[in-house]
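There are 2 protein chains.
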Amino acid sequence: MNLPKYKDVVKAHERIKPYIHKTPVLTSKSINEITGCEIFFKCENFQKVGAFKFRGACNAVFSPRLKELEQGVSAHSSGNHAAALALAARMRGVPAYIVMPENAPEIKINAVRGYGGKITFCKPTNKARESELEKVNKKTGAQEIHPYNNFNVIAGQGTCAKELMDEVSSLDSIITPLGGGGLLSGTCLAAHGLNPEIKIYGVEPKGAADACLSLKTGKIEPSLNPVTIADGLLTSLGTLTFPIIQSHITEILTVNENTIIEAMFLIWERMKIVIEPSAAVTLAAIIENNELFKNQRVGIILTGGNISISQASSYIKKEPG
Amino acid sequence: MNLPKYKDVVKAHERIKPYIHKTPVLTSKSINEITGCEIFFKCENFQKVGAFKFRGACNAVFSPRLKELEQGVSAHSSGNHAAALALAARMRGVPAYIVMPENAPEIKINAVRGYGGKITFCKPTNKARESELEKVNKKTGAQEIHPYNNFNVIAGQGTCAKELMDEVSSLDSIITPLGGGGLLSGTCLAAHGLNPEIKIYGVEPKGAADACLSLKTGKIEPSLNPVTIADGLLTSLGTLTFPIIQSHITEILTVNENTIIEAMFLIWERMKIVIEPSAAVTLAAIIENNELFKNQRVGIILTGGNISISQASSYIKKEPG
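Heads up: the protein sequence lines correspond to chains A and B, in order. The numbering of the first sequence is my numbering, which starts it at 777 and goes up by one. The numbering of the second sequence is my numbering, which starts it at 777 and goes up by one.
Hints may be right or wrong, so weigh each one.
Said to hold, decoys possible - Short derived list, chain A residues pointing at chain B, Cβ under 10 angstroms: (1) PRO800; (2) LEU802; (3) CYS819; (4) ILE883; (5) GLY890; (6) MET1040; (7) TRP1044; (8) MET1047; (9) LYS1048; (10) ILE1049; (11) GLY1080; (12) ASN1082; (13) ILE1083; (14) SER1084; (15) SER1089; (16) ILE1092.
Read the hints as simulated data drawn from the structure, not as lab findings. A virtual CB, placed ideally from N, CA and C, is assigned to each residue, including glycine.
Working from the sequences, and respecting the hints, build out all of it.
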């Protein structure tokens, strides 16, 4: 199998630099005091489309020759990958066909439309999404860009950890959320490419802990009926992401829903930035595993900020204290 | 009367630079599209203590010789000035005595305590605050630092507009919130010092429009029973801030509560940053006075981000749409 390597992350970075934001790295004295470690937050909530997903989509859309993409690109996604792919395609000047479940939130539908994506709606089942996407691909000749199980997407997501480590020296650990593993596998390549000693952690919600199980059983376990507010972390690992993660990861940590909410609002209130629940699992993991990170310099990727205020406020009652 | 001038802002900036954050200037394509102008947001929500108030407090605390301040500094305040003064005093190594109403929110009491401020509680009336502060000053020999009607505070607040205009060229207009006028008067000095042609706007809630009235009558009008969620903008103008504003201001704009909430959440959702209601009046003014700013390059000072998530969520039901 042709897996991406560190040099592919470096190439991806050169390729997408003109299109992405170099997002800031923020720190918070008060969160450092609370957690007992020194945290460097890479703020991909400030990335274009409000999420790191733009990096991978951008690399996938700008890698092939233009001729190969004339018929456009496609994906099924109701989340940040859909908007990211639509914007990247618009920048390259090719059409983007997005298959979305008919019950997708209006805010996400509008985002994809706003970036010029052509939407086909389908029933909200895996089967319907896949068969609808196949139909779209056949009809248009579009090239499918999988949200994470794609060589160029993985290399693109790796640019985020690379930027963080280029800017902040001597990190002991780096932590990312873990859903399909696109970001984590890219982070593995970048982080160990730059520093073979760094510890790499992936975090998933206890209610969607398929990757933790996969590492134990040694094969990709399906994500069965996941239940979590971290709606970006519902999917199972892919055939490309799994082996990379397997050979690099220090540990997969799992976190509770209450801690995700606590961490999310801690970041909102102390750092004055808006992040989505999926992004908060990383700080949640530090809160729940205090001793593991004590006195370390820890890099965290805050993956995105796409949450409506009314959605966020629906979690308030669950906030501890 | 000895009023501060542009050169005092320049001096203040040199003085406080080692202590303050040089806050970022952010832009938002989607908010530009919505408003039809090009907005540059100076993000003082990322300033120390989460508000621009730290600039003025810092300048006031670092201006006198240390000997003059040995007995400490004092203020009555339940808001951002209290925390700002406590932190500035701690940095200089002198005590800060803060008189706070006994019903002040716990989050603000904890902030002041966290910065080492010594709190005296009083009944929540103007009279009680003033007499309590007088007692504290007599007992301790502390020097009172008024939150806005103070030469050095005004000069310090002006550094914010100076930084913005040093970074962003050719602004047509600059807009700040308006409460006691410390920020606006400092902004007047900085902005016209750097560009005599720039238009300067102050914004207050319709429910606390005493400054607008003061400009009309030509004398400082009291702020009688102000009603607004912008709790940083309740006070009336001071004898130092009023004449500066009078001689520089283009216009005072007043805005509705609904628009303040709309503007606040627009910034949260599109820019992924947390701001407090008082900071949102500026964008609210652009939304309500669309034609006035059409196609302009507009600088806005986002004054602070100190709001609890539960407070913010209590405004959701009032959110339009």
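Evaluation of the provided hints:
1. PRO800: holds, 7 angstroms
2. LEU802: holds, 8 angstroms
3. CYS819: holds, 8 angstroms
4. ILE883: holds, 8 angstroms
5. GLY890: holds, 8 angstroms
6. MET1040: holds, 9 angstroms
7. TRP1044: holds, 5 angstroms
8. MET1047: Because about 8 angstroms separates A/MET1047 from the closest Cβ in chain B, which is inside the 10 angstroms limit, the hint holds.
9. LYS1048: Holds: closest Cβ of chain B sits about 4 angstroms from A/LYS1048, inside 10 angstroms.
10. ILE1049: Holds - the Cβ of A/ILE1049 comes within 10 angstroms of chain B, reaching about 6 angstroms at its closest.
11. GLY1080: Hint holds; A/GLY1080 Cβ to chain B Cβ min 9 angstroms, cut 10 angstroms.
12. ASN1082: holds, 8 angstroms
13. ILE1083: holds, 8 angstroms
14. SER1084: holds, 6 angstroms
15. SER1089: With Cβ-Cβ at 3 angstroms, under 10 angstroms, it holds.
16. ILE1092: holds, 5 angstroms
When each numbered hint is compared with the structure, no violation occurs for any of them.
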